[in-house]
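**Q** Please put together the full structure from these sequences, using the hints given.
Here the protein sequences come in this chain order: E and B.
Per the working numbering, the first sequence starts with residue 74, numbered consecutively.
Per the working numbering, the second sequence starts with residue 74, numbered consecutively.
I should point out that these hints are in silico values taken from the structure, not numbers from a laboratory.
Be aware that one or more of the hints could be misleading.
For chains that are exact copies, the list does not tell them apart, and a pair is met inside one copy or across any two.
[Unchecked claim] Under the rule of at most 20 Å between Cα atoms (straight-line distance), these lysine-lysine pairs were calculated in the PhoX-like manner:
hint : residue 1 : residue 2
1    : Lys359    : Lys109
2    : Lys109    : Lys127
3    : Lys308    : Lys83
All values reported here derive from a predicted model rather than from experimental measurement.
2 protein chains.
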Amino acid sequence: MATNAPSRVKKLINDVANVVPESLAGLGRAHPDLVKIDSANLVVLRAGGPRPGKVSLVSGGGSGHEPLHGGFVGLGMLDAACAGHVFTSPVPDQMEAATRAVDGGAGVLHIVKNYTGDVLNFQLAAELVAGDVEVATVVTNDDVAVQDSLYTAGRRGVGGTVLVEKIAGAHAEAGGSLAAVAATAVKVNANVRSMGMALTSCVVPAAGTPTFDLPDDEIEIGIGIHGEPGRRREKIAPVDDIARMLVDPIVSDLGLERGERVLAFVNGMGGTPLIELYVAFNSVAKLLDQRGIEIGRSLVGNYITSLEMAGFSVSLLRLDDSLAELWDAPVHTPALRWGV
Amino acid sequence: MATNAPSRVKKLINDVANVVPESLAGLGRAHPDLVKIDSANLVVLRAGGPRPGKVSLVSGGGSGHEPLHGGFVGLGMLDAACAGHVFTSPVPDQMEAATRAVDGGAGVLHIVKNYTGDVLNFQLAAELVAGDVEVATVVTNDDVAVQDSLYTAGRRGVGGTVLVEKIAGAHAEAGGSLAAVAATAVKVNANVRSMGMALTSCVVPAAGTPTFDLPDDEIEIGIGIHGEPGRRREKIAPVDDIARMLVDPIVSDLGLERGERVLAFVNGMGGTPLIELYVAFNSVAKLLDQRGIEIGRSLVGNYITSLEMAGFSVSLLRLDDSLAELWDAPVHTPALRWGV
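**A** See the structure below:
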């Protein structure tokens, strides 16, 4: 009748109830050499089973942030990823199944974004396997935008999580002990800060309507990856100005000084085209130039998303030689691959 | 005043006139080991200059399809990419500059999507370098949606172009002659077919308004990569049904038979989240299963886009051992990387 009342959600889906399992099935069909889908538990497992003697990495969280986490399962990164419903924490049973499935006898590191449900459920899962599997946990909380938020006590875990998973994964692949790999993950989290912004809302499939309202001429600075509120709303501005609103708090919070070297990560929220992400990267690079901060490594693309939200986040990781070497180490996952 | 009248286009840009040069600058800043930007000519060049004795590959076209083509410059793929304004062909001078810059004495292959402006301008560029550089040209025209269209005589070049660039690039890297590399490019184009669909329009920065109107409950089947009309409009439907509307014409046109093996490429148009692209890949995989067609290789992601258009395209490439081997060969570009 009214064009405002579509009969279905306008998305590439069959049934809102099956988005996550069908997406995981597609991941498995596209990358059978890399991943195996445990469809009963909605867990993405590294193909080939556990590696005896290797520390295994398990992450997970609500869906809707793809490729995070399932797209990061494979050599040199995660051994398993637990998928919750869209923007909803997975349950402890999933995390327990994943942890038991990947343990190669050297213990399992849980990488957990700091959201209350994720933290609680991973903790319960660790208790469920206690005595059988040695578990260490690192909680990522790199988002400088807000101190507490809708779903968190303390800062949110966002883009830095991708870097934690890559670098800790490389250390595990190189034979690090559980304590050493966990220490590397903690070190990355301690040296990375992030902040994001949104031009538009996203639409959760089961809701069918935008998560939040943002006027045509406004943007949200400090947005969360579930569309939860950030610091403030601003009028739409040139991306050079927007980038400054993100980079300044990051540089300040991280205490980055002239002459330091960073990994600069410009992440798309899902609905922003790559042509704009590279414009944004150019803005970030100019700001770092002005501050005398060297870009030692970079990553540009959609790696931790909020469905089709338009916008981007910036993450800066303070690099030393050890972190740079682990970053460069081979990785072979659906979403991140080099050296192999 | 009215929220429908924003003071600026709601995009991550500074100035609509500088979107392309600033995006190229960002590409250069993010990947200095891979590419060098000729900012006077808006050409992305492979870092390190021409390889003596290697056939070089040059492509290009209107911007707004990123990562195509600049994101495919590097080892095992393109040697240069010419960037036009958004959805506008580059000019012959750009193509001439690119061709001269990359020639290593073994000749240059122009890979041209079949759009009238691109074809004409690459032809003029080939004439401008005649006598200095040996040029061969392959025109891609893999889109089965329409026979002629707004910007073409004959079929449009779309997703198959990515596969042509990867596979011909591998052959050039392996030392193939200009005639042999051109023959490989022609072979890929002859064995690939594509078709796309859109859920939403895109917004060209200089226009600031949607390229076309699509009601909230309708989709466009057979859409072009500039939002140009496809075959028909349909009511929004389950993605299993949409995938069938794309796969059936491709399979039929390519004459794919039970027992054949393909590379299955599910490409995002720019604004569709990855979670949906994998649901779509699953739909495509089920359809190929039903037809007894084996998925030998796969590619899922945003590789030839239409700014922030939501939707996807399917490309199927009939594989033989030689094409599969060239597909698997090392590639190192901003957007596609493996084996190195």
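**Q** Each hint: holds or not?
**A** Verification of the supplied hints:
no.: 1; hint: Lys359 x Lys109; in the structure: between (42 Å within a copy, 17 Å between copies)
no.: 2; hint: Lys109 x Lys127; in the structure: within (19 Å within a copy, 40 Å between copies)
no.: 3; hint: Lys308 x Lys83; in the structure: between (28 Å within a copy, 10 Å between copies)
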